[in-house]
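Sequences and hints are given; from them, build the entire structure.
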Amino acid sequence: MATMSMGPAKIDRQISLPFSQAFKIALRNITIRLGRAMITGAGTMLGIAFLMSVFAAHLASLSARDVISAGQMQKQSWLVAMSLMVSVVGITNSMLMSVTERYKEIGTMKCLGALDNFIVKLFLIESGLLGFFGALFGAIIGALFVILTRFGSVFNGNFDWLRLLVYLGVCIVLGTVLSIIAALGPAMRASKMPPADAMRTEI
Amino acid sequence: MAKQNDAMTGSKDGAPNAAESSMEATRPVQSGEAAGVGGLPVNGVPVNGAANGAHAADTTHAVAKSPNGTAGEDTYIGQEYIVRAKNIKKTFSVGGQEVHALRGVDIDIRRGEYISIMGPSGSGKSTLFNMIGGLDKPTDGTVFIDEVDMAQLDAFELAWLRCRKIGYIFQTFNLIPVMTALENITLPMIFAGASLDEQMEKGRKLLEQVGIAHRMHNKPNQLSGGQQQRVAIARSLANDPAIVLADEPTGNLDQKTGKEIIELLKKLNRESGVTIITATHDDKMLDVSDRIVWVSDGRIDKIKRRDEVDIKLGTLEGGVH
Numbered sequence: 001m002a003t004m005s006m007g008p009a010k011i012d013r014q015i016s017l018p019f020s021q022a023f024k025i026a027l028r029n030i031t032i033r034l035g036r037a038m039i040t041g042a043g044t045m046l047g048i049a050f051l052m053s054v055f056a057a058h059l060a061s062l063s064a065r066d067v068i069s070a071g072q073m074q075k076q077s078w079l080v081a082m083s084l085m086v087s088v089v090g091i092t093n094s095m096l097m098s099v100t101e102r103y104k105e106i107g108t109m110k111c112l113g114a115l116d117n118f119i120v121k122l123f124l125i126e127s128g129l130l131g132f133f134g135a136l137f138g139a140i141i142g143a144l145f146v147i148l149t150r151f152g153s154v155f156n157g158n159f160d161w162l163r164l165l166v167y168l169g170v171c172i173v174l175g176t177v178l179s180i181i182a183a184l185g186p187a188m189r190a191s192k193m194p195p196a197d198a199m200r201t202e203i
Numbered sequence: 001m002a003k004q005n006d007a008m009t010g011s012k013d014g015a016p017n018a019a020e021s022s023m024e025a026t027r028p029v030q031s032g033e034a035a036g037v038g039g040l041p042v043n044g045v046p047v048n049g050a051a052n053g054a055h056a057a058d059t060t061h062a063v064a065k066s067p068n069g070t071a072g073e074d075t076y077i078g079q080e081y082i083v084r085a086k087n088i089k090k091t092f093s094v095g096g097q098e099v100h101a102l103r104g105v106d107i108d109i110r111r112g113e114y115i116s117i118m119g120p121s122g123s124g125k126s127t128l129f130n131m132i133g134g135l136d137k138p139t140d141g142t143v144f145i146d147e148v149d150m151a152q153l154d155a156f157e158l159a160w161l162r163c164r165k166i167g168y169i170f171q172t173f174n175l176i177p178v179m180t181a182l183e184n185i186t187l188p189m190i191f192a193g194a195s196l197d198e199q200m201e202k203g204r205k206l207l208e209q210v211g212i213a214h215r216m217h218n219k220p221n222q223l224s225g226g227q228q229q230r231v232a233i234a235r236s237l238a239n240d241p242a243i244v245l246a247d248e249p250t251g252n253l254d255q256k257t258g259k260e261i262i263e264l265l266k267k268l269n270r271e272s273g274v275t276i277i278t279a280t281h282d283d284k285m286l287d288v289s290d291r292i293v294w295v296s297d298g299r300i301d302k303i304k305r306r307d308e309v310d311i312k313l314g315t316l317e318g319g320v321h
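For the protein sequence lines, the chains are A and B, in the order given. For what it's worth, this note's numbering labels the leading residue of the first sequence as 1, then goes sequentially. For what it's worth, this note's numbering labels the leading residue of the second sequence as 1, then goes sequentially.
Simulated from the structure, these hints should not be mistaken for lab results. Honestly, I wouldn't trust all of these hints.
Okay, the calculated beta carbon distance ranges per label pair [what the hints assert, rightly or not]:
id, chain 1, residue 1, chain 2, residue 2, range
1, B, 152, A, 38, 23 to 31 Å
2, A, 36, B, 281, 33 to 41 Å
3, A, 188, B, 201, 34 to 42 Å
Below are the PhoX-like pairs computed for lysine-lysine, each with C-alpha atoms no more than 20 Å apart in a straight line [stated by the list, open to error]:
id, chain 1, residue 1, chain 2, residue 2
4, B, 202, B, 219
5, B, 219, A, 24
6, B, 137, A, 104
7, A, 192, B, 137
8, B, 89, B, 137
9, B, 267, A, 104
10, B, 302, B, 284
11, A, 192, A, 104
12, B, 202, B, 267
13, B, 86, B, 302
14, B, 256, B, 267
15, B, 86, B, 137
Coverage of chain B stretches by chain A, computed from C-beta distances (three or more under 8 Å per stretch; other residues unrestricted) [stated by the list, open to error]:
id, region
16, 164–174
17, 185–195
18, 252–262
Every residue, glycine too, gets a C-beta built ideally from N, C-alpha and C.
What follows is the structure, encoded as structure tokens:
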């Protein structure tokens, strides 16, 4: 009988949940779907590994005092541009999939009282985490690859380790930011859908 | 096994407990039938007690037997309207063509009523259901929930309404697959800002109420369809809503389980006074409904009270009394 209130209802405004609550749910979404999350993260990882290996190879060439011609410089710039594009496409694709396959879940959450910004927050945290760890491992793998394949050039005493660390940081930030940007579009679109449409969506 | 037990019972009078349990084990068919009538067969959530169940087993068409008969109706249905829909129209554009899902529907629903919206696929009943539940916006017309015009609400107020005032149940259950039964039920409470203690206490209570307290830590894919729907029902009640909207709640269930779910909904309707609105084409739903709304081709065909409906059901009702 608790629901028997009389007269017109007073409609309140739904509270925004704190970041920590969204983080908790996002983290659990990742850990529970770990296999799926790892595949998504692998997209980021491969792209960033490629990028990092290009950066590291450049450092190795400098260290070996190879004469870098203008043509080679151009080639390396191309490789960086290519690897960036590979990362962007790979990350966007993974994030698009991971959001669209959960439209129904998003619709359900909205039915239960989730605000649009909570849904967006949830997916951005999730993609940010995946992006961060994917990029972290990708950057390490890329750097290790070059270190192992060009052992002589790297350990000849001239290698600029500081710059390698800077590149490592750049790659990690880039991977995380790209992941978040890639998820932003689909997450916003999904969150703005009327729940009925979101639940009707079949993929 | 059963024969052995019976023989033992015959020779030894000193083991009444064993005899009883063996008796129960040997008549699962009968008790199943009776339980489906009286209330919930699951986990000792007896609604009407054993005597009632045994009585119901005699009447073959127990469908007509509702827990309290018709006497209590006036006491639990309020006078005020919880839902009022005025001339709602909904037009979808599909491939450049306009499809009129609803062509002007008016409906008033009182607090505490159990309403079934019937109609074939494509009749617009699901669309109507979505409009009433604030899941979609009508192209034209207004929907009032508790005297509040839903079109006037912003996103925050609408979310609050969905969270606190309305509970949803779906044909495909729509539980969050990565969460346990208990977590699924506490999710709307998290959205409502309840404390962890409140969530756990209420969650457990609700799971007991729907008869699946023993499965609270199971994920949806470890539960049967009927159990999943029970979780969904518990979830819909998480924030004590005024209205529960059930879209084809028995659509993915077998006859017997569907009947149990219907009985459960009716029980909750009676006990907590929550208004229940279902979109369905399950005839079993007719009997527990206070009113039945037939929708066809985007319009309301007719609205009838249960006692006006269908001669066949009427005679069954008479047979029980």
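Verification of the hints:
The hinted window of 23 to 31 Å between residue 152 of chain B and residue 38 of chain A is violated, with their beta carbons roughly 46 Å apart. The given range of 33 to 41 Å is respected by residue 36 of chain A and residue 281 of chain B, whose C-beta atoms sit roughly 36 Å from each other. Hint check: residue 188 of chain A to residue 201 of chain B, Cβ distance near 36 Å, so the stated range 34 to 42 Å holds. The hinted pair formed by residue 202 of chain B and residue 219 of chain B meets the criterion: a straight-line CA distance of about 19 Å does not exceed 20 Å.
The hinted pair formed by residue 219 of chain B and residue 24 of chain A meets the criterion: a straight-line CA distance of about 18 Å does not exceed 20 Å. A threshold of 20 Å between alpha carbons decides the hint, and for residue 137 of chain B with residue 104 of chain A the separation of about 18 Å falls inside it, so the pair holds. With a CA separation close to 13 Å, the supplied pair residue 192 of chain A and residue 137 of chain B stays within the 20 Å bound. For the hint pairing residue 89 of chain B with residue 137 of chain B, the CA-to-CA distance comes to about 10 Å; that is within 20 Å, so the pair holds.
Taken as a hint, the residue 267 of chain B and residue 104 of chain A pair is broken in the structure, with Cα atoms around 29 Å apart against an allowance of 20 Å. Distance check on the hinted pair: residue 302 of chain B and residue 284 of chain B sit about 19 Å apart at the alpha-carbon level, within 20 Å; holds. For the proposed pair residue 192 of chain A and residue 104 of chain A, the alpha carbon gap of about 13 Å is at most 20 Å, so the pair holds. Between residue 202 of chain B and residue 267 of chain B the alpha-carbon distance is near 18 Å, which keeps this suggested pair within the 20 Å criterion.
Between residue 86 of chain B and residue 302 of chain B the CA atoms are separated by roughly 16 Å; this keeps the pair inside 20 Å, and the hint holds. A C-alpha spacing of about 17 Å is found between residue 256 of chain B and residue 267 of chain B, which places the hinted pair at or below 20 Å, so the restraint holds. For the given pair, residue 86 of chain B sits about 13 Å from residue 137 of chain B by alpha-carbon distance, which is consistent with the 20 Å threshold. Under a criterion of three residues with beta carbons nearer than 8 Å to beta carbons of chain A, the stated coverage of the region 164–174 of chain B is upheld, 5 such residues being counted.
Given a C-beta distance limit of less than 8 Å, the hint that chain A covers the region 185–195 of chain B holds, as 6 residues qualify and 3 suffice. Using a Cβ-Cβ cut-off of 8 Å, 0 residues of the region 252–262 of chain B lie near chain A, which falls short of the minimum of three, so the contact claim is violated.
When each numbered hint is compared with the structure, violations occur for hints 1, 9, 18.
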